[in-house]
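Trainee: Protein chains in written order, with this note's numbering: chain A, 916 to 1562; chain B, 7 to 330.
No lab work stands behind these hints: they were computed from the structure. All C-beta atoms, glycine included, are put in the ideal place defined by N, C-alpha and C.
Listed next, the in silico DSS-like pairs over lysine-lysine satisfying Cα-Cα at most 25 Å (straight line): (1) Lys1382(A) - Lys1417(A); (2) Lys1449(A) - Lys1278(A); (3) Lys1417(A) - Lys173(B); (4) Lys1353(A) - Lys1411(A); (5) Lys1417(A) - Lys1405(A); (6) Lys173(B) - Lys1382(A).
If we take Cβ atoms under 8 Å as the criterion, some of the chain B residues that face chain A in the derived model are: (7) Arg176; (8) Ile205; (9) Asp209.
Given next are the chains, with one letter for each unit.
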Amino acid sequence: MAQHQITLKPDGRSIEMPTGSTIAEAIRQAGLEISQPCGGQGRCGRCAVIVDSGNVRRRSTIRLSTEDVEAGYALACQTVVEGDVALQIPEQEKIIRRLVTDRTVRAIDLPFAYDPAQLQNVRVFELNLSLPTLDDNLDDLARLQRGLADQGLTDVQVPLPILRKLGDTLRNAEGSFWAVVDSDDWTRPIGPARVVDLLNEAIEPLGLAIDIGTTTVTVFLVDLSTGTVLSSAAEYNGQINYGEDVISRIVYAGKNDGLLQLGDAVRQTIHTLLERLQKRSQIDPERIYKVTVAGNTTMAHLFLGIPPASIRLTPYIPAANYPPTSTAKALDLLVNPLATVDMLPGVASYMGADITAGVLSSKLQESDDLTLFIDIGTNGETVLGTDEWMVSCACSAGPAFEGAGVLHGMRATQGAIEEVWVSSETYEPSYRVIGGSKPSGLCGSGLISLLAELFVTGVIDRSGTVKLDLDTPRVRQGDHGPEYVVAWGKETVGGKDIVLTKVDVENLMRTKAAIYAGFSVLASKVGIDLADVKRVLIGGAFGQYINVEKAIQIGLLPDLPWDRFHFLGNTAVLGAYMALLSRQAREQVGDIAGAMTYVELSADNLFYDAFTAALFLPHTEITRFPSVAEIWEVENGATPAGKDQQS
Amino acid sequence: MTVETPKEAWTGTVREVTLGATADQGGTRSRTLTVGAESTLPFLHFEASIPNPPALALEIRDRKPDDWSPLLYEAWGDVMDDPAAWAKAAEEAGADLVYLVLSLTTSDGSPNTVENVRAVVRKVLDATGLPLAVIGAGQAEVDNELLVAAAEEGKGERLLLGLCEEKNYRTIVATAMANEHLVQSRTPMDVNLAKQLVILINDMGMPLERIVMDPTTGALGYGIEYGYSVMERLRLAALQGDKMTQQPMIVTPGEECWKVKEAKVGEGVPETWGDWEPRAIAWEGITAAALLHSGANVVVLRHPENMRRTRSMIDELMSSKAAG
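Same shape as in the complex, but just chain B (with noise of 0.2 Å):
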C-alpha cells in the first residue's frame, strides 16, 4: 500500500540573508556565509527546496571570561587568552561564522574601550577568514560606544551587529548602515515584539536583507519549549507570507545552557544525574538539536564538541537520504 504524503503549499519564503564580504564584495573574508531562502519547515525537503543549511556560529570573547564552566577552559585552552588564536581555533573546530562578544571590562578590571575593541576586531579579522559577528556586552550606552567603533573597523565587511533591542536599537542600526554591515534584533520570546523591532530597523532604513532576528531561546528545562513555540510560530507566519517575520532565525544555546546547573555545576548534584562532562555537552547539543527543529537559522554554541555533533546531524539531515 503506498502512502501518499501530504503536503503543505507554502506561499511565503525565508528571507535569504548573507553575512561576511569577500575581497569582491568590498571585504576580506575567505567565504561568505548565507542562511535562509527555505520555503518549508525545517528539513522537510519533499515539500519545498531548503537551499541553505542551518549554520554553527562560534562565540569567542574579546578576553578570557571570568565566569564560564571549568569545562569550556579545558576544552579550549590557552586560546581562550588571545581572541585572534580563538576566532582561529573556532574556525578549525568547523564554525561558519565567529561571533565574538565584547565585555565590559579589560582582563585587569578597567572599562573597556574604543581602542581596545578596535584592536580586537583587526586581529580577528586578520586570524581568520570567516565572516564575524561583534555583539556588545549588553548596557546600552557603552554598547553603543564600543559598536560604533567595531563597525567602522570592520568597515564594509558585512559584519553581523547586535544586539538591537527595542529600547536600544538606533545608534547600532545607524552605524551599520553606513558602514555597511548587517544587525541582530533581540526580543524577549514573543511573536509580536520580534516583528515589531523588525519593523522599526526597517523603518530606519536598514533594508530588511541584512537583518537576522533573534527571538530568545531558554536551556533545556529552562523555557525552550517557550521559546521553541515562538520560533515555530513565526516561521509559520513566514511561510505564511507575513513579510515581517521572514527574517532568518538565530539563537544561543550555548550562553543559555552554560549558565545552568547542570551544565556548569560538576559536584553538589544528585547521582542520577549521570557524569558532569558528557551531561554538559549533552544539554547544550541536545538544545541546539531541538532549536534546529523549530527553524533556527544559526545556532551559536560554546563548546567544540557540539560543533561537531550538531554539524554531523545537520548533514545527516540535510542530505539526500533525509530529502528521499
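Extracted from the complex, chain A is given alone in its bound form (with noise of 0.2 Å):
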C-alpha cells in the first residue's frame, strides 16, 4: 500500500502512513498527544486539526461548519490520508472556543454611552453657600434651595431627614458641601427633585441593579458616574426554602405571616449578597442611592410585601404591573435610606418586569428581524416579535436548568461541571469544571451538554430512561432510581460520586419540554414557522457557556443555523442595569410592557398536547430535528424512529 508523508505543525515531526490511516493514527504514531474525549466517533470535535496541503477526505464533518472546511479544518478521527499531508494541530484550549457559537456571555460594557449628566437623574453637586449673615437672613433650607436652584434645579424637595442634618453641614463646612440629588422618579416623572444626602467630600454615587429570580437573585453594583460595573454577585433566593415555583410561593405568602417571611428572605439574600459586594469592592452601602429591580410579577409583589393572591386566582390580575417608586427605607433595604427604589412594570400576571427588562437588554425591539427571546429560567418566559408587534407566553418549566431540583445541582460557579462528553464506546464521560478545579456538582449548561450526551451515546432511551443493561459501572441502581455516575468520589470535591438520577433526568426533561412547548405554540398561534425566525436571543442564568448544538440536541432549542443563536446571559440584570443608568431605557422598559400582547397557554389544549410531544429526546417527531436525525443514525448505526421507513 502506498505510504504518504505526514508532517505535524506545530512541532514539525513527520511520519510515514499509509492510504486510508485516519489523521489521529498519525498524530498518535508519531509519538504527540491528540485529544479524543468522545473515543474518536467524530462527535466531540475536539480533535480537530488544520490541515495546510495535501490530500485528505473528510469522512465526516459534524461538528465543524463550511467555512470550518473551508479554512482547512478536519477531524482527526475522521480524515484518512490519500496522499502527502502537512497539517497544524492547534492548541486544545483553542478548538473548545471555536465549538461553541457564540456561548461566552457578553462582557458588562457599558449598554450606550453614559453621560450622567444627559441620562443620569441621580446626580452629585457641589454646592459653594454663603454662610447666613444678618443682611442675608435667609433659613438653611431656601439657602440651599437657592443653592441648587443656582445650578438649574428648582423647586428641589428636602425631606426631613436631610433637614435635621442641613445645619450642621452647612456650617461646619462653611458652605462648601455637596448635595446627592435625585431629579426625578418615575411616579412622578421629570421631577421635583429630591436633595437624598448632604457630604462633606465629593463622592461618586452608586446604584445597584437586581433581578429578583424565582430560583436566583443577581446583582449589579454600578458607579453612577462613569455607568461602570464594579462587580456582580449572584446566589440563590432564599425564597426556595418556602417553595420551588411561584405558585408556592403565592399560597406561602397566604398563610399567617408568610408574606413578611417570603419578604424577609428575599431581603436577606440581597443583604449576603450586599455584603459580599462590600467585602469585594470595599463600598459603604450609604452611598448606594438609588436601586432598580426586575423580577417576575409574583417575585415583585413579594419583594414589595403586596399580597400576591390574585395573581393565581382568575381572572389572574396583580396588584400592579407599573409600581409606584418607593424608597429603601420603606423597604427595610440596607442601603441610603432615601435611596430611590424602582421595580420596574411588567405586563400580566406572569409576563413581569424580568422579561420587559430583558427584551430591553435584548435590543429585540430594535430590529425588523424576527426574533425569538427565550428567557430560560424557572417560568420559560418567551417573547417573539419585532420591531413593529411583541407576543409573549409563559409556562411553568421548573428551575432544572438552574441547577435546582436536581440532587447535584448547583449555580454556575468554581467547582461546576459546564460541559461533558461521554465517549460511545465505553461510556465513559470527560469533564470541564469551572475553575478547573475538581467538580463539587453539575450547573445548568453542564445538565444540558450531559443529557445531550447520555442520549446521543445510547446511556438513556429516548425517553430518559438510563439503560440499566448497558456493560458499564457508569450505570447503576440509585437510592434514587437508576442513575449515570458522571464523576467518582474520588474525582469530586466532597468525596461523594456525583451523579444524574432518573428523577434528574425527569426534571430536566420537563423544563426543556415546557420551553420548547411554550414557543412552538406560541410560534403556531400567531402562524409563524419557527425556520422564518431570523433571531433566537436566549437569556438566563444558567451557566456561563452554553453550547448550541447540544440544546438542540435536548430538543431545547429549535433547530435552526447555530448562527442565529445569541446567548446574551441574565437579560433582566442587564435590564434593570439599562435602566439604573438611564431615563430614557427607563422609559424604553415601560414601552416595552406596554407594546407586548400576552398569550394565556392554558386557555386550551395545545400547549399540553406540545408539551407531551416535546417530553422524548429531541422531540416525539424527529424530523422536526433533523440535525439531530443525522447524529443520532450515525452513532446507532440506524435508521432513526420517526424517519420515513418502508414496512
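Both chains are given apart, each in its own frame, so use the hints to dock them into the complex.
Mentor: Below, the structure is given as C-alpha cells:
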C-alpha cells in the first residue's frame, strides 16, 4: 500500500502512513497527543486539526461548519490520508472556544454612551453657599434651594432627615459641601427633584441593579458617575425554602405571616449579596442612592410586600403591573435609606419586569428581523416579535437549568461541571469544570451537555430512561432509581460520586419540554413557522457557556442554523442595569410593557399536547430536528424512528 | 336526486401485523391472525379497502381468578380451573386470539414461578390452534422474569407479549426479538405517549410489523370518551401518513367493564338499572362496539355472549351490504 509523508506542525515531526490511515492514528504514531473525549466517534469535535496541504478525505464533518472546512479544518478521527499531508495541531483550549457558537456571555460593557448629565437622575452637585449673616437672613432650607436653583434645579424637595443635618453640614463646612440629588422618580416623571444626601466630600454615587429571579437573585453594583459595573454577584433566592415555583410561594404568602417571611427571605438574600460586594469592592452601602429592580410579577409583589393572591386566581390580575417608586427605608433595604427603589413595570401576572427588562437589553425591539427571545428560567417566558409587534407567553418550566431540583445541581460557579463528553464506546465521561478545580456538582450548561451526550451515546433511551443493561459501572441502580455516574468520589470536592438520577432526568426533560412547547405554541398561535425566525436571543442564568448544538440535541432549542442563536446571559439584570443608568432606558421598559401582547397558554389543549410531544429526546417528531436525526443515525447505526421507513 | 358521498383520499395505511405462526412459518398454530392494512376509518368501505376485519380476543388466566364477577364464573364454569380447557372453550366461543394473562400468585397463594408459566403456556399451545398472547401480571420485576420464560417456551410461535410500558419495556422487547414474538405496547391514553413508546421499542431493533399498540381504554361511563378520542386521533394521524402511529390497536374493554359496579354488582343498586345479567353483558358489548368504531383492530373480551354479539356486528359491518 502506498505510503505518505505526514508532517505535523507546530512540532514539525514527520511520519509515514499508508493510504487510508486516519490523521488521529498518524498523530499518535508520531508520539503526539490528540484529545478524543468521544472515543474517536467524530462527535465531540475536539480533535479538529488544520490541513495546510495534501490529499485527505473527510468521512464526517458533523462538528464543523462549511467555513471551518473551507479554512482547512478536519476531524483527526474522521479524516483519512490519501497523499502527502501537512497539518497543524491547534492548542486544545482554542478548539474548545471555536466549537461553540457565541456561547460566551457578553462582557458587561456599557450598553450605550453614558453621559450622566444627560441620562442620570441621581447626581452629586457641589455647593458653595454663603453662610447666613444678619443681612442675608435666608433660612438654611431656602439657602440650599437657592444654591441648587443656581445649578438649574428648581423646586428641589428637602426631606426631613436631610433638613435635620442641614444646619450642621452648612456651618461646619463653611458653606462648601456636596448634595446628592435625585432629579425625578417614575411615579412623577421629570421632577420634582429631591435631595437624598449631604456630604463633606465629593464621592461617586453608587447604584444597584437587581434581578429577583424565582430561583436566582443577581445584583450589579454600578458607579453612577461612570456607569461601569464595579462588581456583580448571584445567589439562590432564599424564598426557595418556601416553595420552588411562584404558585407555591403565592400559596405560602397567604398563610399567617407568610408574606412577611417571604419578603424577609429575599431581603436577606439581597443583603448577603450586598455584603459580598462590600467585601469585594470596599464600598459603603450608604453611598447607594438608587436601586432598580427587575423580577417577575410574583417576585415584585413579594419584594414590595403586596399580597400576591390574585395572581393565582382567575382572572389572574396582579395588584399592579406598574408599581410606584418607593424608597429603601420603606422596603428595609440596607442602602442609603432615602435611595429611590424602582421596581420596573411588567405586562401581566405571568409576564413581569424581568422580561420587559430582558427584552430591552436584548434589543429585540430595535430590529425588523423576526426574533424569538427565550428566558430559560423557572417560568420559561418567551417573546416573539419585531420592532413593530410583540407577543409573549409563559409556562412553568421549573428551576432545573439553574441547577435547582437536581440532586447534584449547582449554580454556575467555581467547581461546577459546565461541559461533558461521553464516549460512545466505553460510556466513560470527560468534563470541564469552571475554575479548573475538582468538580462539586453540575450547573445548567453541564446538565444540558450531559443529557445530550447520554442521549446521543444511547446511555438513556429517547424517553430519558437510563439503560441499566449497558456494560459499564457508570450506570447503576441508585437510591433515587437508575442513575449515571459523572464523577467518582475520588475525583470530586466532597468525596462523593456526582450522579445524574432518573428524577433529575425527568426534571430536565420537563423543563426543556415546557420551554420548547411554550415557544412552539406561541409561534403557531400567530401563524409563524419557527424556521422563519431570524434571531434567537437566549437569556438565563444557567451557566457561563452554553453549547447550542447540545441544547438542540435535547430539543430545548429549535433546530436552526447555529449562527442565529445569541446567548445574552442574565438579560433581566442587564435590563435593570440599563434602566439604572438612563431615564430613557427606563421609559423604554414602560413602552415595551405597553406594547407586548400576552398569550395565555392554559386557554386550550394545544400547550399540553405540545408539551407531551416535547417530553422525548429530542422530540416525538424527530423530523423537527434533522441535524439531531443525522447524529443519532451515525451513533446508533440505525435509521432513526420517525424517519421514513418502508414497512 | 343523487347525492355524491364525499371521499377522503388518505395517504397513510395502518400497518399489517400477523400474530401466530403455522408449521410452515416455524410455529405450531393451525391458523394465524392478520389485522390492520386498512386505508380508511373503520367500516368506511366506500372510501378505501379494509382487507382484514377487526378481531376478537378472549381473556383467560393461568389460574382461576379470585375477583371476577359471579356472572363470568357462571358463564365459563369449570373450565376456569384449567387454562387449557379455558383456551379450548375460548376457541369454541369464536375467539381469534387467546389472551392469556398471568397471575402474581398461584392458586395456593405462593408466588408464580417460571416453571408454572412454562407449563401453562405449553398446555394452552397444545390445547388450541389459535394464536396466543401472553401478558404479565403487571409488576415489572415479576413480569420480566415470567415473560422471558413464556417467550422461550413459545419460541417461534409469534406470540403477542405484553405489556410493554414506558418504564418497563426493554426486557420484554429483547426476549420477544430473541424468540420471534410480537409485543403489545401500552400507554396511558395519550397520543404522544403512544407514539413515543412505539419509537422506543422500534429503536431497540424491533420491526414495526411486530408491534401492536394499546392506547388504554376505559369502560362505558368511565372515561371511554377520552380513550375513544385518543384512538380516533391516533388513527387519523396514521391515515395522514404519520408512520409511528400506524400500528394496529388492541384494547381491553373486558377487563375495564367487568370491574365497574354496573357489571360487577347485582344487589344494592338502583332498581332503574334493570336486570343484572343483561346489563352487565351489554356494558361490555356496547363498550367493545364503540371501540371498534374508534379504530380498534383487536378487542379483548371476557364474556362468551359478547364474542357472539360482537362477531355478528363485525360481520354485518364488514359485509358487502354495508360496503354498498
